[in-house]
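Generate the whole structure from the sequences, applying the supplied hints.
As you go down the protein sequences, you meet chains A and B in turn.
Letter 156 of the first sequence, counting from 1, is numbered 156 in the numbering used here, and no numbers are missing.
Letter 146 of the second sequence, counting from 1, is numbered 406 in the numbering used here, and no numbers are missing.
It should be emphasised that the hints constitute simulated quantities derived from the structure, not laboratory data.
Treat the hints loosely; a few may be bogus.
[As the list claims (entries may be wrong)] Some residues of chain B that are not near chain A, with every Cβ distance over 12 Å (derived):
no., residue
1, F265
2, V291
3, V372
[Unchecked claim] Cβ pair distances, simulated, as ranges:
no., chain 1, residue 1, chain 2, residue 2, range
4, B, A463, A, S147, 28 to 38 Å
5, A, M244, B, R271, 23 to 33 Å
6, B, V301, A, R232, 52 to 62 Å
7, B, S334, A, Y13, 42 to 52 Å
8, A, R153, B, E337, 19 to 29 Å
9, A, P171, B, P375, 28 to 38 Å
10, B, A463, A, E242, 58 to 68 Å
Note that the Cβ used here is the ideal one computed from N, Cα and C, for glycine as well.
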Amino acid sequence: MWVWLHKFGSPKYFFTISGRLLPWLGGATLLLLAAGLYLGLFASPADYQQRDSVRIMYIHVPSAWNSMFIYLLMAVSAAIGLIWNIKIADIVAAVSAPIGASFTFLTLVTGSLWGKPMWGTWWEWDARLTSELILLFLYLGYMALQSAFEDRRTAARASAVLAIVGAVNLPIIYYSVQWWNTLHQPQSLGVGMSTIHASMLIPLLLMALAFKLFFFTVLLIRTRSEVLERERNSGWVQEVIEEMAAKTETNLGRSGNEYR
Amino acid sequence: MLKVFQVIVRRDLTLALRRRAQIVNPLVFFVIVVSLFPLGVGPEPNLLKTLAPGVIWVAALLAAMLSLEGMFHSDFEDGSLEQLLLTAHPVSLTVLAKVVAHWLVAGLPLIVLAPLLGVLLHLPGESIQVLVITLALGTPVLSLIGAIGVALTVGLRRGGVLLSLLVLPLYIPVLIFGAGAIDVASSGVSASAHLFILGALLALALSLAPWAAAAALRISIE
Numbered sequence: 001m002w003v004w005l006h007k008f009g010s011p012k013y014f015f016t017i018s019g020r021l022l023p024w025l026g027g028a029t030l031l032l033l034a035a036g037l038y039l040g041l042f043a044s045p046a047d048y049q050q051r052d053s054v055r056i057m058y059i060h061v062p063s064a065w066n067s068m069f070i071y072l073l074m075a076v077s078a079a080i081g082l083i084w085n086i087k088i089a090d091i092v093a094a095v096s097a098p099i100g101a102s103f104t105f106l107t108l109v110t111g112s113l114w115g116k117p118m119w120g121t122w123w124e125w126d127a128r129l130t131s132e133l134i135l136l137f138l139y140l141g142y143m144a145l146q147s148a149f150e151d152r153r154t155a156a157r158a159s160a161v162l163a164i165v166g167a168v169n170l171p172i173i174y175y176s177v178q179w180w181n182t183l184h185q186p187q188s189l190g191v192g193m194s195t196i197h198a199s200m201l202i203p204l205l206l207m208a209l210a211f212k213l214f215f216f217t218v219l220l221i222r223t224r225s226e227v228l229e230r231e232r233n234s235g236w237v238q239e240v241i242e243e244m245a246a247k248t249e250t251n252l253g254r255s256g257n258e259y260r
Numbered sequence: 261m262l263k264v265f266q267v268i269v270r271r272d273l274t275l276a277l278r279r280r281a282q283i284v285n286p287l288v289f290f291v292i293v294v295s296l297f298p299l300g301v302g303p304e305p306n307l308l309k310t311l312a313p314g315v316i317w318v319a320a321l322l323a324a325m326l327s328l329e330g331m332f333h334s335d336f337e338d339g340s341l342e343q344l345l346l347t348a349h350p351v352s353l354t355v356l357a358k359v360v361a362h363w364l365v366a367g368l369p370l371i372v373l374a375p376l377l378g379v380l381l382h383l384p385g386e387s388i389q390v391l392v393i394t395l396a397l398g399t400p401v402l403s404l405i406g407a408i409g410v411a412l413t414v415g416l417r418r419g420g421v422l423l424s425l426l427v428l429p430l431y432i433p434v435l436i437f438g439a440g441a442i443d444v445a446s447s448g449v450s451a452s453a454h455l456f457i458l459g460a461l462l463a464l465a466l467s468l469a470p471w472a473a474a475a476a477l478r479i480s481i482e
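As structure tokens, this is what we get:
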């Protein structure tokens, strides 16, 4: 297993494998996204209370799930990078953060868009919205620390410590916010999603899966370009670039001197 | 081991007492921030009473932030931090000693000053008692969590603002239960549940934060 881990952890091996994986992952994402969006936006019934605004849920809930999932993945891969010195894990952690922050932001925006017609206000200090906001702060802190160091190795290790501390703190923050919320507003505005009909559940699950795949696709793309940038002085990257240049040359059917 | 601990605490205290301004400035900041609020929201006693727990706690958080940077900075600059890391004693012990020293200079005076501010904001006597207990339980947590942040940013040239970005979100539970306890006490209910949770946070931070800060220091010094 160790041999395998280190083999997969080597940037070159990762680059080849991920290059083969990427079209499949991207295709599956597109298919699922299309199916989920169609079912969610057209085929599923409108809620009898919330009418069409319930459809925001198909974006809101999957991105909320993603926002938490990505933080966990980021912390785990940062820990792997810290403990076993695996370059790819460091890179995965570093590039996950902006994606996770975007999903968190998307969750906040869609939540507030949904809140306006439902609760009558753009922002409610609801427990879940508040913890999403704090999650966004954690992401921003992580990204700020990541960019504060000039040396990438130190940046990865220092921010790994922060990510682990944040992951330990996240449940504590989540539960304290919930407690704080029940104290301040005894009757919180319940969403009432305890029972959900299959006609809504299926598009929701499809979208959740599509969002996960979308994340992995973007993660791979970003990791690949980061790998190329960090390894730009090594031999195999030069080869890859020359190969790409040659391909473009044949595609365009003209001299590729400008690509060199 | 205990001897090392004592020596570091005593050394840091001596250093701090020779630079009194560094102790006094965060305290003055604490008092000024709290007294800005009545000027901002108006002198209505009932309003101030409801705002008081939150205001005092947020101000304490910010004052603790301000004093944090000094925890490792001067030692880092003159190289003694590196020497401390090179000794045979566990780094987490060194960190814990420094945190204790920091709390004695930065946290303890806040607790002493807080009742006065409570009176200024029209807090009733019992709530002031609870305020002092929450600060006594909460400010060590602030120093402990803060130590991780300072350890991460000590090698950076402009660590100050970054430090607050890293540390303030992690302070939220302490703020919630600290201010919440006083709120509950003002409404006449026993605040013991909140205080127990603050105690639990302290125990957790005391057992985990020194390790994390030690790991962070090793990374920063490298």
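Status of the given 58 to 68 Å range, CB of E242/A versus CB of A463/B: Distance hint for A463/B, E242/A holds at roughly 59 Å.
S334/B paired with Y13/A, Cβ distance criterion 42 to 52 Å: Since S334/B and Y13/A have Cβ atoms about 47 Å apart, the given range 42 to 52 Å holds.
Claimed clearance of chain A by V291/B, with the beta carbon kept past 12 Å: Correct as stated: the minimum Cβ-Cβ distance to chain A is 27 Å, above 12 Å.
Outcome of range test on Cβ distance (P171/A, P375/B; 28 to 38 Å): Once the Cβ atoms are compared, 34 Å apart, the range 28 to 38 Å for P375/B and P171/A holds.
Nearest-CB test (12 Å) between chain A and V372/B: 27 Å, holds
Verdict for M244/A, R271/B (Cβ pair) under range 23 to 33 Å: 60 Å, violated
Assertion that F265/B lies outside the chain A interface [Cβ separation over 12 Å]: 23 Å, holds
Beta-carbon spacing of V301/B to R232/A - inside the hinted bounds 52 to 62 Å or not: Check passed, 56 Å falls within 52 to 62 Å.
19 to 29 Å as the expected CB spacing between E337/B and R153/A, which holds or is violated: Given a distance of about 23 Å, which is inside 19 to 29 Å, the answer is holds.
Outcome of range test on Cβ distance (A463/B, S147/A; 28 to 38 Å): Hint holds: Cβ distance 34 Å, inside 28 to 38 Å.
Hint compliance for this structure: hint 5 is the single one not met.
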